[in-house]
Amino acid sequence: MAFDLTIKIGGEGGEGVISAGDFLTEAAARAGYEVVNFKSFPSEIKGGYSQSTVRISDVKKYSTGDGFDILCCFNGEAYEYNKKHLKPGTVLVYDSSDFEPEEHEGVITYPVPLSELAREVMKAYITKNVIALGVLCELFKIPAKPIKDSIKAKFMRKGEDVVNMNYRALDVGMNYVRENLEKRDPYSFPPPKEPKDVVIMEGNQAVAKGAVVAGCKFFAAYPITPATTVGNYIVDDLIKAGGWLYQAEDEIAAMAMAIGASHAGLKSMTATSGPGMCLKTELFTYAGMAEIPVVIVDVQRVGPATGMPTKHEQGDLHHTVYAGHGDYPKAVLAPTNVEENFYLTIEAFNLAEKYQMPVFLLTDASLSLRAEAFPTPNVSKIKLENRWLYNPAEDPEGRYIRNGRFLRFALFTEDGITPMGVPGDPNAIHAITGLEHQENSDPRNRPDIRTLQMEKRMKKLEKLLREDADRFYEFDAPFEKADIGVITWGLTASITKEAVDRLRSRGVKVNALYMKMLWPVRADLVEDFAKRAERIAMPETNWSGQLADILKQETHIRPITFNIYRGEPMIPSEVEGFIDYLLDNPEITEGRLTAADVFGKEKVYGLI
Amino acid sequence: MAFDLTIKIGGEGGEGVISAGDFLTEAAARAGYEVVNFKSFPSEIKGGYSQSTVRISDVKKYSTGDGFDILCCFNGEAYEYNKKHLKPGTVLVYDSSDFEPEEHEGVITYPVPLSELAREVMKAYITKNVIALGVLCELFKIPAKPIKDSIKAKFMRKGEDVVNMNYRALDVGMNYVRENLEKRDPYSFPPPKEPKDVVIMEGNQAVAKGAVVAGCKFFAAYPITPATTVGNYIVDDLIKAGGWLYQAEDEIAAMAMAIGASHAGLKSMTATSGPGMCLKTELFTYAGMAEIPVVIVDVQRVGPATGMPTKHEQGDLHHTVYAGHGDYPKAVLAPTNVEENFYLTIEAFNLAEKYQMPVFLLTDASLSLRAEAFPTPNVSKIKLENRWLYNPAEDPEGRYIRNGRFLRFALFTEDGITPMGVPGDPNAIHAITGLEHQENSDPRNRPDIRTLQMEKRMKKLEKLLREDADRFYEFDAPFEKADIGVITWGLTASITKEAVDRLRSRGVKVNALYMKMLWPVRADLVEDFAKRAERIAMPETNWSGQLADILKQETHIRPITFNIYRGEPMIPSEVEGFIDYLLDNPEITEGRLTAADVFGKEKVYGLI
Amino acid sequence: MAHFQQLEVQLKPADYRSDIEPTWCPGCGDFSVVAACTKAFSELKLPPENIVQVSGIGCSSRAPLFMKSYSVHTLHGRALPVAVGIKLANPNLTVIVQTGDGDLFSIGSGHNPHAARRNIDLTVICMDNQIYGLTKNQVSPTSREGLYGSLTPYGTIDKPLNPIATMLAYGATFVAQTYSGNPKHMTEVIKQAIVHRGFSFVNVLSPCPTFNRVDTFKYYKSRTKDINKELGHDPTDYSKALELAFHDLDHYYDPNAPVPIGIFFKKETETYHDRVNAVKARYKAVDKPTPELIQSFVDACKPKAI
Amino acid sequence: MAHFQQLEVQLKPADYRSDIEPTWCPGCGDFSVVAACTKAFSELKLPPENIVQVSGIGCSSRAPLFMKSYSVHTLHGRALPVAVGIKLANPNLTVIVQTGDGDLFSIGSGHNPHAARRNIDLTVICMDNQIYGLTKNQVSPTSREGLYGSLTPYGTIDKPLNPIATMLAYGATFVAQTYSGNPKHMTEVIKQAIVHRGFSFVNVLSPCPTFNRVDTFKYYKSRTKDINKELGHDPTDYSKALELAFHDLDHYYDPNAPVPIGIFFKKETETYHDRVNAVKARYKAVDKPTPELIQSFVDACKPKAI
Ligand SMILES: Cc1ncc(C[n+]2csc(CCOP(=O)(O)OP(=O)(O)O)c2C)c(N)n1
Ligand SMILES: Cc1ncc(C[n+]2csc(CCOP(=O)(O)OP(=O)(O)O)c2C)c(N)n1
Ligand code: SF4
Ligand code: SF4
Ligand SMILES: [Mg+2]
Ligand SMILES: [Mg+2]
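Residue numbers (this note's numbering), protein chains in the order written: chain Z, 2 to 609; chain R, 2 to 609; chain Y, -14 to 291; chain A, -14 to 291.
Bound-form chain Z, shown alone (with noise of 0.2 Å):
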């Protein structure tokens, strides 16, 4: 049988809880398995409840799970919070010093003075954590010695000492379980494989990664949360590749600099949460009036108003496809796990520099936090596209000087895509203005200059839909005709992958589309994908259905759209779930449901 295990750690923010699971992940990813990790973070600054759910298999799962099989309390409060989800099965070990759990039937309990522990056999209180990762150990077989490499690259630069203070803890832990326990649990790791060449990054991680490697060189900050991580996981590189992380006084101002630091040649970019982009808007359409390659990420989180900024939710979607006075042309991409938050993100500056826009980059608080073992990067093999400069001698007939001007603007062109000029450059100065304007930039209200440039600049989509959207479609379509075919983007699309897997292997009939280009939308894949699905399903985590909302736009589908708005990402029983409810409820076959619909009022917020 497939190896596929899930460990969860909850505890007090600051006990070592994250960390525990990162140790976890990387073992794991170095002992040869595929692993994904997902942490959680309390909104207070100190303290409050933590959890690393560590998911470990042979083949890639994207989601964490339902849930748990092994469950790793270091206090009661996080006993407290997950002990709902304890069924007959799973194994609790738990913190005996801090608290007793009640009777759970069939669970499997192994009580740990893990406190007491770090007091008084190690007189350090912060090795708890590591005491329990002995434990964890020694219990399900975890090979030691990944888990001592990783200890020690961690706490190598603290010194010696303290890399043997924590070996100490592991063994500790081991040694309690040695003496003090019995194995009555099936759950065993399998020995270590060949270590596959992978990194390990999290979500905001991955994309500062790859925004280096598509060649930023000016990231313009302000911090909120959920997106402050991309700039504290970029400056160090950033500046070394000659580059420079600035932290504007607000996110008008990093827009701005973002824009003026691309006119001046950079490929450039900002990061964000809803609430900034709402700030950075009007310039926006700044960017697509003047033409300006500008990447920006959207780090999702709850909305609207500040809404609870620690949290998931994918509703600024119809914000960055529909916000702005007037329209200008864009293009938004959404990785759905973090391998894809580090290839996006160089799509993203590659589709800006060719198509002269700001290209949005859409992920979310849970994906940001989200950690994942990935074939390492090859960056000599990655395509990067830079953007076209004049050049008089590729203009012999001088089509783009006209009376000694520069035509930045210049119309004649096929796809509405004309060579930009750099300031230090006198072959090709010009103004750029948000004002309507002519070919050579002079300010213009012409009714006929005004369509011909509206025309100019939203031709460029038809290109991108030409030659650059197909490959963000990830078609999952077995079945010449699905009972339900489902469609979804981002971090939903992970969880959907999984209940697809669980609804085909109990032989459900359904096809699936991940899309992560969601504007503009190529209307023909989307209406082919329909075709062969009796139904369309749409899951996403906002009140409203963005997506479905846009596809209802732009092309015919109707589909029927699940709601979930609580602030968590959904989980694969519940998408298992909305379409097992269609497959009951034939007669549904468009509308909206939310989780109350398919589970009950009351069952709701017992699934996660």
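Hints were generated in silico from the structure; no laboratory data involved.
Careful: at least some of the hints might be erroneous.
Straight-line alpha carbon distances no greater than 30 Å define the calculated DSS-like cross-link-like pairs of lysine-lysine that follow [stated by the list, open to error]: (1) R/85 to R/460; (2) Y/121 to Z/153; (3) R/384 to Y/121; (4) A/273 to Z/241; (5) Y/203 to R/241; (6) Y/287 to R/159; (7) Z/604 to R/460; (8) Y/287 to R/142; (9) Z/159 to A/265; (10) Y/121 to Y/214; (11) A/289 to Z/142; (12) R/184 to R/88; (13) A/265 to R/124; (14) R/382 to Y/287; (15) Z/155 to Z/197; (16) R/159 to A/203; (17) Y/121 to R/146; (18) A/265 to Z/241; (19) A/169 to A/225; (20) A/287 to Z/155; (21) R/604 to Z/460; (22) Y/203 to R/382; (23) Z/88 to Z/604; (24) Z/197 to Z/241; (25) Z/149 to Z/85; (26) Z/61 to A/273; (27) A/251 to A/287; (28) A/273 to Z/384; (29) A/225 to Z/241; (30) A/121 to R/40.
Given chain Z, put chains R, Y and A with the ligands in place with the hints provided.
Here is chains R, Y and A with the ligands on its own, set in the frame of chain Z:
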């Protein structure tokens, strides 16, 4: 035959073109006619081409038609702008001391040395426009008495001498005609009728007056063309009525102040245009989250970016409906003429107070400058909504108080609406926050609370759809099964009305729906309308067909859109031509057409 | 003191506390700001329902939620303009802005000059920890050079903004600095700020032990110097105030320089509201317009027959 | 003067003019600002392609379009941050912000403290007509009390902002005022501002004859006083500069007070870019990263085997 005459006056800004048009408008209203006047200014501060088009009729007309019957050119530039529209039968009155026109077949010309008369005879160049008025009076039998009354009203405060000088100028014009010209055209005014009890307002003035009637007490302003004059018009009335207009440092501050003033108990508003709408967006979501009643007027102009600030476009609808991170409740109203500017502003305040949310009023640059005569509103007959304030006497069981805390966001009301509390009231002390919150306002991240509060807020729109939506749907659908059903909004609706009349008079079966509430949508009403037409046609002056997008998403209709994005309103013959084109091409059942598709690339700009 | 309403019977400071447990880290300087505020409210006998406390976003901006008053937790940087709207709407309210150095001087910095120069009768309390706390450690406009932030891991290269000098330049009519390690001083300054008619600004040095490891309670303890009591500064002297203000940040560069606390400047002069009242008087403004008055606004648009 | 590029052969001022006819009203003060700028460019031998002129929105903000350089006509209030982005991207460019009193001190006022305190090497030229021109007559932050605006028909009740004092308080390292009725003075000041390494601010009193009927050429003509030549002010003296600055608007209240023009303050000190360079040196930053360097950033995420 019905009386319907359009006089266009064109010339240099500052030459009195606009006030000549205003005199004519007033005089026509005073003589008992229906009148609408459309002004257009240059974007330069001084000089540049200005025009005023006055349409006078005996039944109400909502557009200024396709062209003009009489053109009065104050200079050669005005002639150059308009000469392509001189058709056989039209009359050209021109300043023969400035230029000589070309030959135009069938055009009746009256040369008058306007500048010379002003300079030589009147010794006052500024009287040129009144001389021209005299010419028009004499030529077309416009009653001079109401013109004189208007002159007196306007110049009285400058002293008797100025009034007399202008009387003389009028005479100079009239005499010149009597002595030098022979009438060769068929146009002349019927005798004055019994004057009706009307007011004449400009679009932005009607918004201002409506707001004061609605009980607005606080107006947060930041100047932006074409919205600034709402503030200009309201400021004196507002102060007299005990309110205040505050010129903020920017649009964000203005929106924040309107929210603050509303929280403190006043009916509050702000007015802006596209760029300001972008900046205010984050605060829109706050008003939605914190359930603050507030009215936002957006006088749309051409975007994206700075675009064409003085020009017409219906390009902010997407933004108004979809901008903002996360979903929040709102309503969007859009008047189609000046009278509706007045009444829908009042409606906006009523809805904001009743549903405790932001309500948007979308008008546009052209509507803002249009003057119309309409029946004098009787303020005592206008129903006003005031906010629901918590009153302990109405809450004997103390349902809204728990543990001594006022439940501003109580979850137990059926319609999601709960009483507010205003600072100063000891019984309703509470907090408001942009964070997700529980019933007593405390911030909470809990999935269940989040879900329930989200539903509370959005439920308000269901009530609105039940109780307050249908009156914003103007159906003009006499045919059981029409060939074409037109749906449109805003100024384009006014223009469409005239096209519909013409089409019907030619026997075309066309139904029409003019939507004045654009969000939320009564899908049932729209679909019922659509069922009674073979095809749905939607003219809009924007690139993407923004109302069409909304209807595609909210209903099952698949319209054929007609999109003009040149920065000028449509004219009736364009809408007519669009419908004719559809009748000629029955195979077109949905999709998007532009003026070039319908009229051919070359002809497009000749239409306007 | 007649310009704000007072209770007959004094409430206790605790009566101005809400039942929300502060979410702040143990040792956060902001706890004592709340304590000082509630003490000031109590001593000034302010009716809780007449206090509106407006904040933006940040650790500091949570403060209003922990107190019993009308609390308005707005968006990042927008506390001031929301507060202006509230005060304009109802000048009888005591409107207090609770904000942080990032909220007020970074994203919100465009609002300050305008509320200050107009002398709108608000009290602005800035909990200045020289760092962004809530977003977990980024430098703020008041951070000292070289301070570590997650986005400036090399130690910031920005020259800090001087809050006191800046507010003085804008024309604020009450400008003070206090320190959350000195509750008595703080309470007194906050009281005076509230009592002051006009725009009052109080910068509270309020350490963030979690992220700012330099500007700590320990650091300030030995350095603060009361400019009024110890240096005899007369707050009516504007140019002296300026001069002192320009040395406010000397300690960032000179380990021996003191950190001045106290009232730098104070001047009672016409408020914005006084001027509004004068205009309203000229306009013969009424509080409750009659239907006839409103009708007259509409009727003014009739074609001018005379 | 080695910090900016110069032409071998001087161009004429007219060579820095674009072929767009200014859309300004006859008599607008801004005409001579363009004349002074092009003269300064010529005298400084600046290559047109190395000049980037950045503006916001307003009558004044059209200025870059009337000149031959890389011109960036941005959005209302955003000239400064766009210019910062440009300068950070390419420090070899001469970046000049052309703005108006509304653009810079109202909607844009949140950006000023931060560019100034960081001493970013830009030149900011504010055409201060004490009014909003383009939107047809509203008061601006620099309008005198009582000035008529379309939204303040009663005559504004706002105390004006003092641009010079404000920029000094922010830490700008070059602060000057000039007058568009004095082309010689203006050209000289603009030249010095461009030559200055660091954040330079030049307030140009530039009348709007169309809307501001008070602060006219006629008004200024008899009132401007050269603080350097006539009053002997030494621009290296910061506290004198401040004191002078605080009297900058005296003429709004006292008909006999002079309008000071000249260089208030000037101090060469490390620019933001100097500090960036120091950090980059510490990081051993390269200009063109090799593929190996980039690969190493990726490889750093491998599970830490040691
Ligand atoms: C528009 C917007 N941008 C950014 C943020 C993220 N944010 C929250 S608090 C904060 C900084 C707060 O700093 P400060 O005001 O000094 O408060 P402190 O936490 O230090 O008390 C930021 C950047 C936000 N909530 N909204
Ligand atoms: C976001 C935004 N808000 C408002 C406007 C309208 N607007 C254009 S220019 C201007 C004021 C300009 O004043 P100033 O900078 O003094 O320039 P001046 O015209 O006086 O030279 C305003 C408010 C705009 N274009 N964009
Ligand atoms: S992070 Fe700092 S400012 Fe925020 S609560 Fe903790 S100690 Fe206070
Ligand atoms: S309105 Fe004033 S500032 Fe604008 S162009 Fe005319 S004179 Fe110049
Ligand atoms: Mg802070
Ligand atoms: Mg100005």
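Notebook entry, point to check: Is residue 121 of chain Y within 30 Å of residue 146 of chain R, Cα to Cα?
Noted result: violated, 75 Å
Checklist line | Restraint check for residue 197 of chain Z with residue 241 of chain Z, where alpha carbons must lie at most 30 Å apart | finding: Holds, at roughly 28 Å.
Checklist line | Distance restraint between residue 88 of chain Z and residue 604 of chain Z, which requires alpha-carbon spacing of 30 Å or less | finding: holds, 16 Å
Note to self: Run the distance test for residue 85 of chain R versus residue 460 of chain R: straight-line Cα separation, threshold 30 Å.
What the structure shows: violated, 54 Å
Item checked: Given pair status - residue 142 of chain R, residue 287 of chain Y, alpha carbons within 30 Å -> Holds, at about 23 Å.
Checklist line | Restraint check for residue 184 of chain R with residue 88 of chain R, where alpha carbons must lie at most 30 Å apart | finding: The hint holds at about 18 Å.
Margin query: Would the hint linking residue 121 of chain Y and residue 153 of chain Z be met if the CA-CA limit is 30 Å?
Written below: holds, 27 Å
Next item on the list: Below or equal to 30 Å on CA atoms is what counts here, so check residue 604 of chain R against residue 460 of chain Z.
Entry: Holds, because 22 Å separates the two Cα atoms, which is no more than 30 Å.
Note to self: With the threshold set at 30 Å, check whether the alpha-carbon distance from residue 169 of chain A to residue 225 of chain A stays at or below it.
What the structure shows: holds, 25 Å
Checklist line | Proposed proximity, residue 203 of chain A with residue 159 of chain R (alpha carbon, max 30 Å) | finding: The given pair, whose Cα atoms are some 26 Å apart, holds under the 30 Å limit.
Item checked: Satisfaction of hint between residue 85 of chain Z and residue 149 of chain Z, Cα-Cα up to 30 Å -> violated, 34 Å
Item checked: residue 121 of chain A paired with residue 40 of chain R [C-alpha distance capped at 30 Å] -> With a Cα-Cα distance of about 17 Å, the restraint between residue 121 of chain A and residue 40 of chain R holds, given a limit of 30 Å.
Checked against the numbered hints above, the structure breaks hints 1, 3, 5, 10, 13, 17, 22, 25, 26, 27 and 29 and satisfies the rest.
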